[in-house]
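Start counting at 1 in the sequence shown, then tack on 7, and there's your number in the numbering used here.
No wet-lab data here; the hints were simulated from the structure.
Glycine residues also receive a C-beta, built at the ideal position from the N, C-alpha and C atoms.
Careful: at least some of the hints might be erroneous.
To be verified - Computed spacing ranges between beta-carbons, pair by pair:
#1 34 <-> 99: 28 to 38 Å
#2 25 <-> 126: 13 to 23 Å
#3 87 <-> 130: 24 to 34 Å
#4 99 <-> 73: 30 to 40 Å
#5 126 <-> 92: 16 to 26 Å
#6 29 <-> 126: 38 to 48 Å
#7 88 <-> 130: 28 to 38 Å
#8 124 <-> 94: 17 to 27 Å
#9 140 <-> 85: 20 to 30 Å
#10 17 <-> 85: 13 to 23 Å
#11 114 <-> 9: 22 to 32 Å
#12 72 <-> 12: 33 to 43 Å
#13 49 <-> 17: 18 to 28 Å
#14 67 <-> 29: 18 to 28 Å
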Amino acid sequence: MFDDIFPLVKLISDCIEKEANQHLKQYNLTLSQARILIYLRERMGEKTSQKDIEDYFEVTHPTVIGILKRLESKGLITSEFDSKDKRIKNIYLTENEASIYKAMDDFRKTTEQKLLQGLTEVQIQELKSLLKSVYANIQE
């Protein structure tokens with residue numbers, strides 16, 4: 008079972024997603040919603056449009072609209088049409104997001120520590136390098 012890489016990567020991904028969704032349930036969030044909040048937080052101070060989110064996460068327009076509507080209904084984001092181009096809808100975090108972000112970031116750090124436990128710093132750097140290469144390969 009662990010001789011092939013693809014099933015192993017899938018198992019790791021599924022375990023992370025399951026744990027994250029369990030943790031996020033207390034905030035009435037899904038992992039997809041949390042990823043967008045984190046992305047917006049990392050871009051705070053910059054304009055971020057729906058299209059930016061679609062491109063970054065490589066998901067369809069309807070998918071992003073659905074996630075953003077749910078986040079807006081929870082009071083975690085607001086959206087406004089761009090003042091220069093009304094075809095563009097920009098997304099902004101609200102103050103309500105700050106308390107949830109801290110909890111999400113703590114969970115991310117704890118999960119990463121769990122994943123990397125027992126590895127040396129050299130192994131961690133090598134793993135990062137290998138994963139970046141694998142990701143670049145799959146993007147081609």
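How the hints compare with the structure:
Take residue 34 and residue 99: their Cβ atoms lie about 19 Å apart, and the range 28 to 38 Å is violated. With their beta carbons about 22 Å apart, residue 25 and residue 126 fall inside the hinted range of 13 to 23 Å. Separated by about 46 Å at the C-beta atoms, residue 87 and residue 130 break the suggested range of 24 to 34 Å. Our hint of 30 to 40 Å for residue 99 and residue 73 is violated, since their Cβ atoms are close to 18 Å apart.
A beta carbon spacing of about 47 Å between residue 126 and residue 92 contradicts the range 16 to 26 Å that was offered as a hint. The beta-carbon spacing between residue 29 and residue 126, approximately 24 Å, falls outside the hinted interval of 38 to 48 Å. Range check, residue 88 to residue 130: about 48 Å between beta-carbon atoms, so the 28 to 38 Å window is missed. One distance hint, 17 to 27 Å for the beta-carbon pair residue 124 and residue 94, is violated here, with the actual separation near 48 Å.
Distance hint check for residue 140 and residue 85: the Cβ-Cβ separation is about 39 Å, which falls outside the suggested range of 20 to 30 Å. Checked against the hint of 13 to 23 Å, the C-beta distance between residue 17 and residue 85 comes to roughly 36 Å, which is inconsistent with it. A hinted range of 22 to 32 Å for the beta carbons of residue 114 and residue 9 is consistent with their spacing of about 26 Å. Checking the proposed 33 to 43 Å range against residue 72 and residue 12 shows it holds: the Cβ atoms sit about 35 Å from each other.
Here the CB-CB span from residue 49 to residue 17 is close to 26 Å, well matched to the stated 18 to 28 Å. Taking 18 to 28 Å as the suggested C-beta distance range, the pair residue 67 and residue 29 conforms, at roughly 26 Å.
Checked against the numbered hints listed earlier, the structure breaks hints 1, 3, 4, 5, 6, 7, 8, 9, 10; every other hint is satisfied.
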